[in-house]
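Asker: The opening residue of the sequence shown carries number 46 in the numbering used here; numbering runs sequentially from there.
Check before you lean on any hint, since a few could be wrong.
[Claimed, not checked] Once the Cα atoms are required to be at most 27 angstroms apart in a straight line, the calculated BS3-like pairs of lysine-lysine come out as:
#, residue 1, residue 2
1, K438, K381
2, K500, K549
3, K421, K381
4, K294, K151
[Said to hold, decoys possible] Pairwise CB distance ranges, derived in the manner of DEER restraints:
#, residue 1, residue 2, range
5, K152, E204, 16 to 26 angstroms
6, Q516, Y273, 18 to 28 angstroms
7, E489, Y426, 44 to 54 angstroms
8, P231, I197, 12 to 22 angstroms
No wet-lab data here; the hints were simulated from the structure.
We put the beta carbon where it would ideally sit given N, CA and C, even for glycine.
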Amino acid sequence: MSNGVTWRRKGRVVDLRNRWSEQPRGPIISDISVKHGSSAPGEGADGQQGVVKRFSALFTSLRKIKRDRTKDPEPPEPLGPLVEDRQQRYASGQYFFEYLVVVGLKKGRDEGSYEPQISYQFPKRDGMGRSQREEEEKILKAITLFCFPEGINWAPLTEYHSETFSFVLTEIDGSRRNGYCRRLLPGGKGARPPEAYCIISRVACFGLFSKIFDEVEKRRQISMAMIYPFMQKLREAAFPAPGNTVEIKSFIPESGTEIIRLTRPLDSWLEHVDFNVLFQCLSEEEVLLVFSAAVLERRIIFMADELSTLSQVLHAVAALLYPFTWQHTFISIVPKILMDVVMAPTPYLLGVQKSLLGQIHDTIDLLVVDLSEEKKETFPYSIGDEKSILPPKIQTEILDALRPRKQASTVEELNRVVSEAFLQFFVKTVGHYGSFVRRGSSGERGVFEKRGFYKSIESKSIRHFVKKFIQTQMFDLFIQEVEQQQPGPQQGVFHSKILEFHEKRKRDKARKH
């Protein structure tokens, strides 16, 4: 296969010639895939040149997934002793993050143009081989583009409302890095461009890193040198288990030693999510319509003025699909340089700043969701059948289950109410999947009986939906993992909810008799 970005539809892999990034098939969310090593080939006779090609040459994905992997991966290049020790310690869970960078805007050659550049990095990477240094440079280049996705045109500012947002970088082997950004106006006098603080971590926990940024920002106001000891203490601390707290001691001049307490949410699978922003932008009925399109893996573009709104809403929508995982392109904030991605024919979830709406030309088979406060209509473009995707009775049940969210007093409580409403939807529609995985002798892979599975559903409307849903890649991957599991009691939130549902049905039947 050529060195290009790929897309999949019903098992086929198609080369799109370095235009679009595709999320590796697996239980992860991807903003952009980073290819190790070589650069992209030249374009053909169509003459596609410019920034998109140069960007794609840096960040391409060649990951072709097969149902049965028969080829062992090539052994990685030996690491230097310092790098190897850091990676082993990080994998053990010791580090909160890999590094912190500060990205500033440097004046470009053209009038009014600025180029994002890294002005500070902690820690500095030592002991790397040549290929690792090249890969590090590509990752850092991607970080600068996601910190300032609007492009190169900026004007110095005297006031700027700070905002926090996130993105994800996914490598060819499926491993991912989470980028957490806070943009603010640096100290000084007169008009000046904003700068961005970006923490790169293997950990997905937006709320916790927002608190870390509060501490970083407080120290930055005193001196850049104050950031180093705090981040060093944080880097040496163990990442807490769900529901636990870690304490970081940090000295601040004139304030003395402070103790910063960082608590990880108990529901770890929701720790990267805050459903509050989603429901501030959309009504319950509108959220249900978006969920309906997402569950059938359609092309969806979200528009907003604020970067923080885009990143939080897209992660919230992806979380509604639990226990299933979005398997296609996912870019919570599309940089201006990557706007070609909206032309991709495959399913995607994209976050686009509203100022770039004019660059969306292909609106066929597309749902566009306007999240801005002063919107004329929430869905300026849609297919038109979204309200009929889910069975009417199930829609009513979801809406009824969402109403208690208005009484939720904490983010954790709100997240539980919302996630429970949509989790129960999957329990009721496909929760009987386990009865249709046939297993032979011990150790053999299970086989899912798809036809028997949906034929067993009594409700015609639910059966109609399930027949479509089982064709999605998210369901296909879920079932593949189930088929590979060893027989015996299953673990996890979804399975426990299925057991609760069946027990309740038994009790209800017993009362009737």
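Asker: Could you run down the list of hints and mark each one as holding or not?
Answerer: Hints versus structure:
At roughly 42 angstroms between alpha-carbon atoms, K438 and K381 are farther apart than 27 angstroms, so this suggested pair is violated. Distance restraint check for K500 and K549: the Cα-Cα separation of roughly 23 angstroms lies within the 27 angstroms cut-off, and the hinted pair is therefore satisfied. The straight-line distance between the Cα atoms of K421 and K381 is roughly 24 angstroms, inside the 27 angstroms bound, and the hint therefore holds. The suggested pairing of K294 with K151 is violated, with an alpha-carbon distance near 35 angstroms, which exceeds 27 angstroms.
Judged by the Cβ atoms, the range 16 to 26 angstroms given for K152 and E204 holds: they are separated by roughly 20 angstroms. Between Q516 and Y273, the C-beta spacing of about 52 angstroms breaks the proposed range 18 to 28 angstroms. Against the hinted window of 44 to 54 angstroms, the Cβ-Cβ separation of E489 and Y426 comes to about 48 angstroms, which satisfies the hint. For P231 and I197, the Cβ-Cβ distance of about 19 angstroms falls inside the hinted range of 12 to 22 angstroms, so the restraint holds.
Hint compliance for this structure: hints 1, 4 and 6 are broken, all remaining hints hold.
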